[in-house]
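K.L.:
Same order as they appear, the protein sequences are chains G and X.
Here this note's numbering is used: the first sequence runs in plain steps of one and ends on residue 627.
Here this note's numbering is used: the second sequence runs in plain steps of one and ends on residue 823.
Be a bit skeptical, because a hint or two may be false.
Stated by the list, open to error - Residues from chain X shown here face chain G by an in silico Cβ test under 10 Å; the list is partial:
1. P649
2. V659
3. L664
4. M668
5. A671
6. K712
7. V745
8. F751
9. L766
Unchecked claim - Residues from chain X that face chain G, not an exhaustive set, calculated with beta carbons under 8 Å:
10. M647
11. L656
12. F657
13. S660
14. M663
15. A667
16. V674
17. R675
18. N680
19. E683
20. Y684
21. N754
22. S758
In short, the hints are calculated from the structure, not lab data.
Every residue, glycine too, gets a C-beta built ideally from N, C-alpha and C.
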Amino acid sequence: MATVAANSATVAHAAEHDHHEPQSFWRTYIFSEDHKTIAKQYLISGIIWSVIGISLSVMFRLQLGFPNMKLDFLRPILGNWINETGKLDPDFYLALVTMHGTIMVFFVLTAGLSGTFSNFLIPLQVGARDMASGFLNMLSYWFFFLASMIMLGSLFIETGPAAGGWVIYPPLSALPQAHKGSELGMTLWLISMALFIVSQLLGGINYITTVINLRTRGMSFSKLPLTIWAFFLTAVLGLISFPVLLSAALLLIFDRSFGTSFYLSEIYIKGEALPNVGGSPILFQHLFWFLGHPEVYIVLLPALGMTSEIIATNSRKPIFGYRAMIASMMGIAFLAFIVWAHHMFVTGMNPFLGSIFMFLTLIIAVPSAVKAFNYITTLWRGNIRFTPAMLFSIGLVSFFISGGLTGIILGNSALDIQLHDTYFVVAHFHLVMGAASAFGLLAGVYHWFPKMFGRMMNEKLGYVHFWLTFIGIYLVFFPMHYIGISGFPRRYYAFTSYDFTKNIFADMNSFISLAAIFTFTAQWIFVWNFVYSMFKGRKAPQNPWKSNTLEWTAPINPGHGNWPGEIPAVYRWAYDYSKPGAKDDFIPQNVPYSQTPESNLPHENELIGLEKEIEAQNLNDQFKQPH
Amino acid sequence: MSELVNNITLVEEPEETLSMNPRKFILWLFIVSIIMLFAAMTSAYLVRRAEGNWLEYVIPPIFNYSSVVLVMSSLTMHWAYLSAKKDNFGNLKIAITVTFVLGAVFLYMQFLGWVDLVNENVFFVGNPAGSFMYIFTGLHGFHLISGIIVLVFALVAAFRLRIHAKSLNQIEIAATYWHFLDILWLYLFFFLVYFH
Chain G
1 MATVAANSAT
11 VAHAAEHDHH
21 EPQSFWRTYI
31 FSEDHKTIAK
41 QYLISGIIWS
51 VIGISLSVMF
61 RLQLGFPNMK
71 LDFLRPILGN
81 WINETGKLDP
91 DFYLALVTMH
101 GTIMVFFVLT
111 AGLSGTFSNF
121 LIPLQVGARD
131 MASGFLNMLS
141 YWFFFLASMI
151 MLGSLFIETG
161 PAAGGWVIYP
171 PLSALPQAHK
181 GSELGMTLWL
191 ISMALFIVSQ
201 LLGGINYITT
211 VINLRTRGMS
221 FSKLPLTIWA
231 FFLTAVLGLI
241 SFPVLLSAAL
251 LLIFDRSFGT
261 SFYLSEIYIK
271 GEALPNVGGS
281 PILFQHLFWF
291 LGHPEVYIVL
301 LPALGMTSEI
311 IATNSRKPIF
321 GYRAMIASMM
331 GIAFLAFIVW
341 AHHMFVTGMN
351 PFLGSIFMFL
361 TLIIAVPSAV
371 KAFNYITTLW
381 RGNIRFTPAM
391 LFSIGLVSFF
401 ISGGLTGIIL
411 GNSALDIQLH
421 DTYFVVAHFH
431 LVMGAASAFG
441 LLAGVYHWFP
451 KMFGRMMNEK
461 LGYVHFWLTF
471 IGIYLVFFPM
481 HYIGISGFPR
491 RYYAFTSYDF
501 TKNIFADMNS
511 FISLAAIFTF
521 TAQWIFVWNF
531 VYSMFKGRKA
541 PQNPWKSNTL
551 EWTAPINPGH
561 GNWPGEIPAV
571 YRWAYDYSKP
581 GAKDDFIPQN
591 VPYSQTPESN
601 LPHENELIGL
611 EKEIEAQNLN
621 DQFKQPH
Chain X
628 MSELVNNITL
638 VEEPEETLSM
648 NPRKFILWLF
658 IVSIIMLFAA
668 MTSAYLVRRA
678 EGNWLEYVIP
688 PIFNYSSVVL
698 VMSSLTMHWA
708 YLSAKKDNFG
718 NLKIAITVTF
728 VLGAVFLYMQ
738 FLGWVDLVNE
748 NVFFVGNPAG
758 SFMYIFTGLH
768 GFHLISGIIV
778 LVFALVAAFR
788 LRIHAKSLNQ
798 IEIAATYWHF
808 LDILWLYLFF
818 FLVYFH
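Take the sequences, apply the hints, and build the full model.
P.N.:
As structure tokens, this is what we get:
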């Protein structure tokens with residue numbers, strides 16, 4: 001009786017939710033607490049940031065590829081950063097490199113990727129009405145927005161934005177007199193990043209709480225889609241590592257603005273000694289890379305999680321090694337925290353310590369290889385449908401492997417001493433972290449666009465976009481390995497002053513720059529497809545990819561609360577594709593075993609008895625609670 | 628194949644999802660992030676200290692007394708929680724107020740500690756040994772202010788009779804956070820004394 005009463009109360013309450021007064025424009029689209037709107041806000045901000053971030057890289061690639069080129073045509077955008085002779089200002093070159101790194105790592109691949117898809121998919125795939133706290137979620141986006149505005153503003157100030165590299169090592173970043181970019185630009189960078197960290201913590205806390213507390217009936221951890229596992233572990237990584245970056249930044253702020261000496265010691269500028277004594281710049285590197293390395297996985301894991309989902313769906317096969325995938329993600333997440341010093345092999349650390357970090361670093365190859373093999377074995381003999389999302393996912397696997405191989409080379413401390421800070425490193429991390437994660441992001445957009453906007457993206461344009469981007473990225477980064485091995489250091493303004501760089505590889509640098517411009521141009525196909533399809537795309541069916549996860553059981557345009565009435569219960573894992581005996585080649589998670597006797601395995605028949613128990617479970621439905 | 632499948636007796640019992648209040652869970656995660664913030668600070672302290680050139684100074688004794696005050700405030704906070712549980716609204720209001728006052732007294736004593744440090748010629752700017760002292764106390768103080776704000780909300784709720792035996796979430800959240808800040812300070816204090 002009590003259950004019935006409670007249920008009818010829920011229905012009544014849910015119905016009441018359906019008939020909420022239409023909220024004002026501001027509450028619906030701007031200061032929204034709805035996870036789907038916040039996800040779209042993150043996505044659109046991420047796309048705008050990526051256009052800015054990649055444009056910056058095209059600008060410095062022009063300088064690197066064509067050092068004698070007149071860049072006067074950039075004056076309308078860059079103003080006096082193009083000097084009288086039509087050359088890019090060397091100080092601004094450093095700023096461009098720094099801002100490209102900062103924007104792409106944090107604003108695009110952290111906020112744009114994790115912010116979009118964790119927000120969008122966690123409640124929809126675990127079966128929750130919304131995030132645990134819609135208010136904190138909204139706050140998270142607006143902290144990010146504020147951080148974005150400050151970072152964007154720093155591009156336009158007279159002394160230019162931060163220019164000490166995205167890693168902002170002191171003393172360069174700690175002393176305003178060190179470089180133009182270390183003046184106001186660096187201050188704004190630190191303020192922006194502090195706000196960004198707050199935003200990421202608010203978001204991450206929400207993701208973890210939602211996954212743990214608000215799963216629907218029957219959605220045990222062993223039935224969670226791999227996307228959710230990936231978002232969950234990403235959020236845990238962020239929760240543990242971002243506060244450490246905040247500490248590092250805080251001490252740096254005190255060094256810069258209050259005259260403390262945490263990172264500064266015995267520095268002479270123009271023959272005069274600074275008062276700071278007793279600090280240690282290496283300390284900053286330790287603190288920074290304690291975040292910096294997990295950050296690599298914060299960027300990559302969500303992309304890997306979405307790839308698992310997309311590859312299984314479009315191969316029409318269960319994901320190979322579901323538990324091995326979870327275990328390897330956990331392994332990667334754990335190892336992420338104990339390998340940071342491999343970024344610091346050349347800081348004069350004890351070689352014995354170096355070999356420990358080398359050993360731990362190389363172990364990462366094991367879970368990474370497990371993941372790569374599982375993707376390939378999932379594809380193996382699958383009934384593959386090459387949707388654009390699928391192509392981008394396969395592209396991700398390709399980048400993950402080819403970039404991961406060079407990781408094994410760089411992880412060796414002896415080899416790293418030769419290759420440190422050369423273009424080899426640039427090529428390595430752009431493939432394994434940059435391009436792979438960007439492909440995860442693009443795959444996710446192509447795959448979940450119908451759920452986000454209720455319309456399909458144009459497939460033909462998607463194919464063109466994929467092939468141009470895929471080929472373009474390899475054309476950019478493959479030659480870069482050779483340049484790195486031959487000793488070209490990264491972050492240099494020009495290679496015209498040294499004999500060993502003057503004549504060799506100049507043509508290859510031009511080639512890379514042309515390939516970069518080509519790849520950047522190809523992205524406009526995506527931007528056009530995205531914007532056009534949002535308004536004019538073909539109307540999407542409810543489950544366009546015939547996928548198993550819960551988000552496709554929600555209405556095509558899910559409203560507030562995602563499901564009208566009861567949230568579906570979950571009886572099976574998310575990967576029942578092409579099950580022998582089954583009517584269709586997919587069985588969604590909310591279909592009970594009692595309805596599919598023809599395809600049940602013996603142990604699954606035993607689970608039929610437990611279905612009543614699952615249905616009777618206490619549902620953490622937010623609508624049931626007074627609010 | 629079927630034999631293999633028959634051998635798998637992996638029948639999972641349906642598990643209840645965690646029934647913890649999401650807000651309380653959010654608080655715990657927030658606490659994790661604060662722990663990481665201070666873990667980074669204290670390990671930075673150790674790394675820096677191991678490098679030598681470390682200023683030795685006497686930790687002002689007022690920090691001993693302020694620690695006692697903070698522990699007492701934790702006790703009164705617990706008293707507030709117990710009163711709320713028993714619907715004893717008079718005691719609840721008194722207990723929260725006393726906790727609030729003790730928290731403020733603690734902050735004032737921390738400030739006096741800074742004054743003592745300055746009198747000892749240990750400044751924020753100078754050898755990192757001193758700077759870390761200010762950073763630890765300052766950052767903890769900043770978090771304690773946030774704890775006091777949470778407390779004020781609880782106090783307002785108590786006066787509006789919104790905290791009672793059947794609605795304990797708010798007081799529980801305030802109490803958990805307050806006890807955490809207490810333990811955090813004791814950790815920092817013993818850390819500073821031990822690794823001096």
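K.L.:
So which hints don't hold here, by number, going up?
P.N.:
Structure breaks hints 6, 7, 19, 20.
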